[in-house]
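Can you make the complete structure from the sequences, with help from the hints?
Chains as they are written, first to last, in this note's numbering: chain A, 1 to 240; chain B, 1001 to 1243.
Hints listed in this document are in silico derivations from the structure and should not be mistaken for laboratory results. Treat the hints with care, as some may be off.
[Claimed, not checked] Covered by chain A, according to a simulated footprint, are these stretches of chain B (three or more residues, beta-carbon under 8 angstroms):
| id | stretch |
| --- | --- |
| 1 | 1024 to 1038 |
| 2 | 1070 to 1083 |
| 3 | 1109 to 1117 |
| 4 | 1217 to 1229 |
Cβ coordinates follow ideal geometry from the N, Cα and C atoms, glycine included.
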Amino acid sequence: MSTPLNETIDFKAYIECDNSPFILFDDSGKIVYLNNSAEILLGYVEKKTLYELCIQHAPKSYGFKTITLSLQFDSLHFYAVTVGYRDDEHICIRLYHKPRIGNPCNASKPHSLVLTDINILLETSITWFQLENRNKLSLLVDQDIPPFYLDQNLLSKLFRKVLHAFRSSDSIDIALTYLAGEFVIINGKKEAIIQLQIKANGRYYDEDNTIESLANEVNVSVSFQEKNITLHIPCLKSKP
Amino acid sequence: MKRFLTNSPQVRQIAKGLKLSRPLLVSSIVIGEPHTGKKTLVYDLFPQIPTVSGTEKDKLLHLLDEEETLIITSFEAVNYFDRLDFSNKRIIAVADGRVNMKEIDKLFAFIYTMPPLRERAEDIELLSRLFVKEAKERLMLEGTFDIDYSKIDLSQNVKSLRSSIYRQALYTDFSKEQIEGFLYNYFLRCCDDDYRYKRLLALFERPLLEAGLKRFGSQLQLAKALDINRNTLRKKIHEHAVE
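Shown next, in the form of C-alpha cells:
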C-alpha cells in the first residue's frame, strides 16, 4: 500500500522557490514563514498591510479562497490573492504576480542598443549632476551587474532628467542594484531587472511627465514617490 | 594643438564628465560665452575627430550619416533640429551664447555650461601667467613684470585677457625712444580740437604723477624727486584728478 503523499514529501522547498509571494502568519499577525518572493515583497510593503489583507479576504470558515483584485506595491503588481486557514492559530496568503510585460523595442532602432556597463553611464550622469548639486550623495552600486544591451543616449537622458528632479536636494542616496528573482517579459523573453533608486529629503515634480515619456521609450518602468524615484531597467542579454 | 589648462573645480568636473563619456555613444554639448575655452577643451579630450560647423548644414547632415563620432562647433547656428538624429552616435557639440534650450534638452544626453572667466579666479591667474610667458616669447621681451590684475580685461574672456596681458607686457618693455615714438605718432594723428598744449601735456603729466606717487609714496617725496615746489605738485595733482 502506498504512503499518503503529504506524509512523506517536504513541499516547503517547492514553495520556497515559487515566484508568487507566500506568507504564513500567526493569530497576532507575526510572520511564521515566508518564501523568497515574499521577502522581496516585504521590501515594498509593511507586513501589517498584508496581514490586514488576509483578515479582510479570509473565507468564512476553514479553507482557502482565491479572489481577483488589483494590488500595487511600488512597482509590484498583483492580480489575485489566495487566503486560507486550517486552524485558529495561523492564516496564509499567496499573491499572484501580474507579469511585467515590456513594450517591444522599437523595431526600427535595434541598432541603438549597445552592450554597456551601466556603471559608466551612471558615473557620467552623476558627474554631470554634481555640477548642479554639490551636496554630498551616497552611492551604492552592485558590482555584479553584467554589461547588457541598452540605448546609451536615451538612458543617459533619462538619468539626467531623474537626477535633475533632485537638483536642490540633500541627503541624496543613489542605489543601483540587481533585483534577484524579478523579471520582465520583453518580446516573449524573460529579462532580469536592474533597479536604480534615488532618494532624498525632497524633490521636484515638474518633469515627471517627461521622465515617464523617456522611460517608455527605453522600456524602463518608473515609479514616483514623494521623495524618491525608482527605475526598473530590463537587463537585455541580447538584441531583440 | 593647444592643451586645455584649468584650475577651476567646476571646469574640471565638466572635463571629467566628458572624459567619462568617451567610450559611450551619447551626445554632449558645452554651452557658454565666447572665448571661454569650450572648443579647446573638446579638441583636447577628443583629438582627431571629424569636426563640422553648425553653419554647414549639408556637410553636417552628410557627416552624421558617415561618422560614428563627430564634433559640431557653432551649434548655436543650428535651426534644423528635426533633421538631426544622434542615436548610436558620439556627438560633442559646442555652442556660444544663446541657444534654443528646449531643443537642446531634447537632443542631448548631457548639457554642460562653461562658466565665464570672471567666475574662475583660479584660471585667471593660471592663464595670466601663461600669457605673460607667451608674450615674452612672441614679442621677444626681456625682464620681468608683475601683472596688474586691476587692469586686465575679462569682457571677452580668454581673448581679452590675453590681449590685456600682452599690452601690459609691452608697456613694461618700452624704451625712452619707443615712448617718444608712440607720442609722436599720436600727436601726428590726433584731431585738431585736441591739439592744445595743456591738453597734450596731460598725456605726460598725469601718468608721471600717478606712477610717481606709487613709487615715492607721498607728495613730499615726489616733489623732491621731481625737483618742483610742493604747492605746484599739489596743484597739478588736483588739476589732473590724480588720486
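These are the hints, each one checked on the structure:
1. 1024 to 1038: Coverage by chain A holds for the stretch 1024 to 1038 of chain B (4 residues, Cβ < 8 angstroms).
2. 1070 to 1083: Contact hint for the stretch 1070 to 1083 of chain B vs chain A: violated, 0 residues under 8 angstroms.
3. 1109 to 1117: Three-residue rule met by the stretch 1109 to 1117 of chain B, so holds; n is 5.
4. 1217 to 1229: violated (count 0)
Checked against the numbered hints above, the structure breaks hints 2 and 4 and satisfies the rest.
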